[in-house]
Amino acid sequence: MAVDDPPPRPRVRVVLADARSGTSDHGSADLTEQTPVGEALVKGLVRAQLALALRLSLVVVAGLGTLPLLFAAAPAVGAVKVFGVHLPWLLLGLLSFPFLVGVGAAYVRWAERNEQDFAALIRRPER
Amino acid sequence: MNPYLVPGLVLVLLLTVAIGAYGLRFARTTSDFLVASRSVSPSWNAAAISGEYLSAASFLGVAGLVLRYGVDVLWYPVGFAAGYLALLLFVAAPLRRSGAFTLPDFCQVRLRSSVLRRLATAFVLFIGCLYLLPQLQGAGLTFSTLTGGSYAWGALVVGVVVTANVAFGGMRAITFVQAFQYWLKLTALAVPMIFLILQWQADGRPEVTPPAGAVFPAATTVVVERDAVLDGTRVVEAGETLHFAAGDRVPRVSTVDAEFGAAWLRPGERGLFATYSLILATFLGTMGLPHVLVRFYTNPDGASARRTTLVVLAMVGLFYLLPTLYGVLGRIYTPQLLMTGNTDAVVLLLPEAALGDGHLGRLLGALVTAGALAAFLSTSSGLLTSVAGVIFTDVLRPGRNGSVRDFRVATVLAALVPIGLALYVSDMDVSRVVGLAFAVAASSFCPLLVLGIWWRGLTDAGAIAGLIAGGGAAMAAVLLTVLGPPLPSSFAEFVGQPAAWTVPLSFLVMVGVSLLTGKRVPPDVGATMLRLHAPESLRS
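So the protein sequences, as listed, match chains V and C.
For the first sequence, my numbering begins at 50 and goes up steadily by one.
For the second sequence, my numbering begins at 0 and goes up steadily by one.
Note that these hints are calculated values from the structure, not bench results.
The beta-carbon is built from N, C-alpha and C at its ideal position, and this holds for glycine as well.
A couple of the hints might just be wrong.
Label-pair distances were calculated between CB atoms; the ranges are [said to hold, decoys possible]:
#: 1; chain 1: C; residue 1: Asp356; chain 2: V; residue 2: Arg158; range: 49 to 59 Å
#: 2; chain 1: C; residue 1: Ser253; chain 2: V; residue 2: Ala154; range: 46 to 56 Å
#: 3; chain 1: V; residue 1: Ala100; chain 2: C; residue 2: Asp356; range: 54 to 64 Å
#: 4; chain 1: C; residue 1: Ala261; chain 2: V; residue 2: Leu144; range: 16 to 26 Å
#: 5; chain 1: C; residue 1: Ile196; chain 2: V; residue 2: Arg172; range: 47 to 57 Å
#: 6; chain 1: C; residue 1: Gly525; chain 2: V; residue 2: Arg172; range: 16 to 26 Å
#: 7; chain 1: C; residue 1: Pro485; chain 2: V; residue 2: Asp166; range: 53 to 63 Å
All chains, full assembly: derive it from the sequences and hints.
In structure tokens:
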């Protein structure tokens, strides 16, 4: 591609102010007009969602990420048999998948709750 | 040759084309082609994402690796699934809310930099080709393994079918095709596994790693492919034919790298650096694969993007329970693969090897082969759609009103390079190349997406520097590994599994340079953050 081409136009423009169809309220105005209050509200939501994601990744790091270290530090663990199957096979080949799905389900639930709290906070002043 | 094989493969090809043609009736505008107009329901979408994701590396490669190396490589399927958890936690909903079509679009929306956009385009094309190539190669190798036909024809047929389907149906059709192929792939591994386990029970549950070493379950003939030493004593030459009776001990071949006995059964043979590098690449690489990301724009809103991702995680996890079992049973029923080194064929050969070449064994053998074909078709279709989408919007640049014909041109352009390469390169290791594509994605787009979504301080200069440093280092390591000369062993691990140092490097450079160029933070970052994170219900 040529270097001196004009920059491509952003094709998608989803701006909150555009979507606001007349029925404005104070909370949304705070958000879209970037008042200090609105800015603080958004920062709070981002921080809450990030903290949730980091906490749950810590759960995965603790539950799965430490296994190679554990197997290296205590080789005896690798020789333990449960129902005739060696423990590492059972942990990695079978149990890791429901564990990951469980963490994911918890995230979806709590992330949606964070968003509902945020929405309630924004809408309250007008009512 | 298996008489059910050709009808089975033809059926899969016809169904793929037919479902694609059915979808064509709905494909009207360019937007339909690119993101299916965002009207695909979450369950269809989740099945389509899973169908697209489960590639030849998952369907054939994982079982082959387990057969060869044992418990240590179980990190591959775990990481391939866990990648969706990382995607869910850090990327899914905000990315959908960003409203962008492709990864370069995201760069534009978040950082307003056209230089960064071009750099991202280059990475999408590189990762796309790196991932398409092994799919086509896998198709070629499967065709030649099963039919004795030529490798080139297999690669060419799959390449042409995929190109035609993407060019004429676009993504709307592909969504239906991919969803169908997920269920086909799951069935193709699950149904034979039921019969295989029953057979294993009926055989008196033979041990997977008998203390005296593996034995041949039936009389077997092995043709030696390269000069080698058997069991460290007997020298054999290429082309020599070896005959073994049922119950003979399986000799170890010096040219084939594999683990045996306790080393296969217990973890820790591959070293901590390689293991953690693999974990980083697979956990973080999924979110940077272009064909995975493009799917998220087909969700109607952020919350449904999240729920779709969770369903995908469950579907992919369910699928990955199966390849491990194939690898384990392959240890009992197809030990000759450990002599030839052709372990990627274990899924294809196991049903007939264990159940005999009666009707049942042959039918199930044809079923897994059809599943393998579905794996090549679906992943390469998805990759091609996303690479063609990027060529369409960023290289041909027809602007907003680009025609459907331009998209078709982009598709053919995107397919030419990998198909051409696949015809000339046939000896690259399939699962290894796929792992390297994950490493490049994890070192380039993962930091860009995570920092772009969660950190206001990211600047265009920081993102560019990080992409060049981390992504560029991973790219160089890939090229060195694939094309370069053999490296000294201490260095080879460092370059062959680069993610453990390239991912942190990329993050550090992005954060460091962004802090130094703090003045370049886009003035509208507050509005962008609001759009990425606020629920859609607040927009109206």
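Taking the hints in turn, this is what the structure says about them:
no.	hint	result
1	Asp356(C) / Arg158(V): 49 to 59 Å	holds, 51 Å
2	Ser253(C) / Ala154(V): 46 to 56 Å	holds, 49 Å
3	Ala100(V) / Asp356(C): 54 to 64 Å	holds, 59 Å
4	Ala261(C) / Leu144(V): 16 to 26 Å	holds, 22 Å
5	Ile196(C) / Arg172(V): 47 to 57 Å	holds, 56 Å
6	Gly525(C) / Arg172(V): 16 to 26 Å	holds, 20 Å
7	Pro485(C) / Asp166(V): 53 to 63 Å	holds, 57 Å
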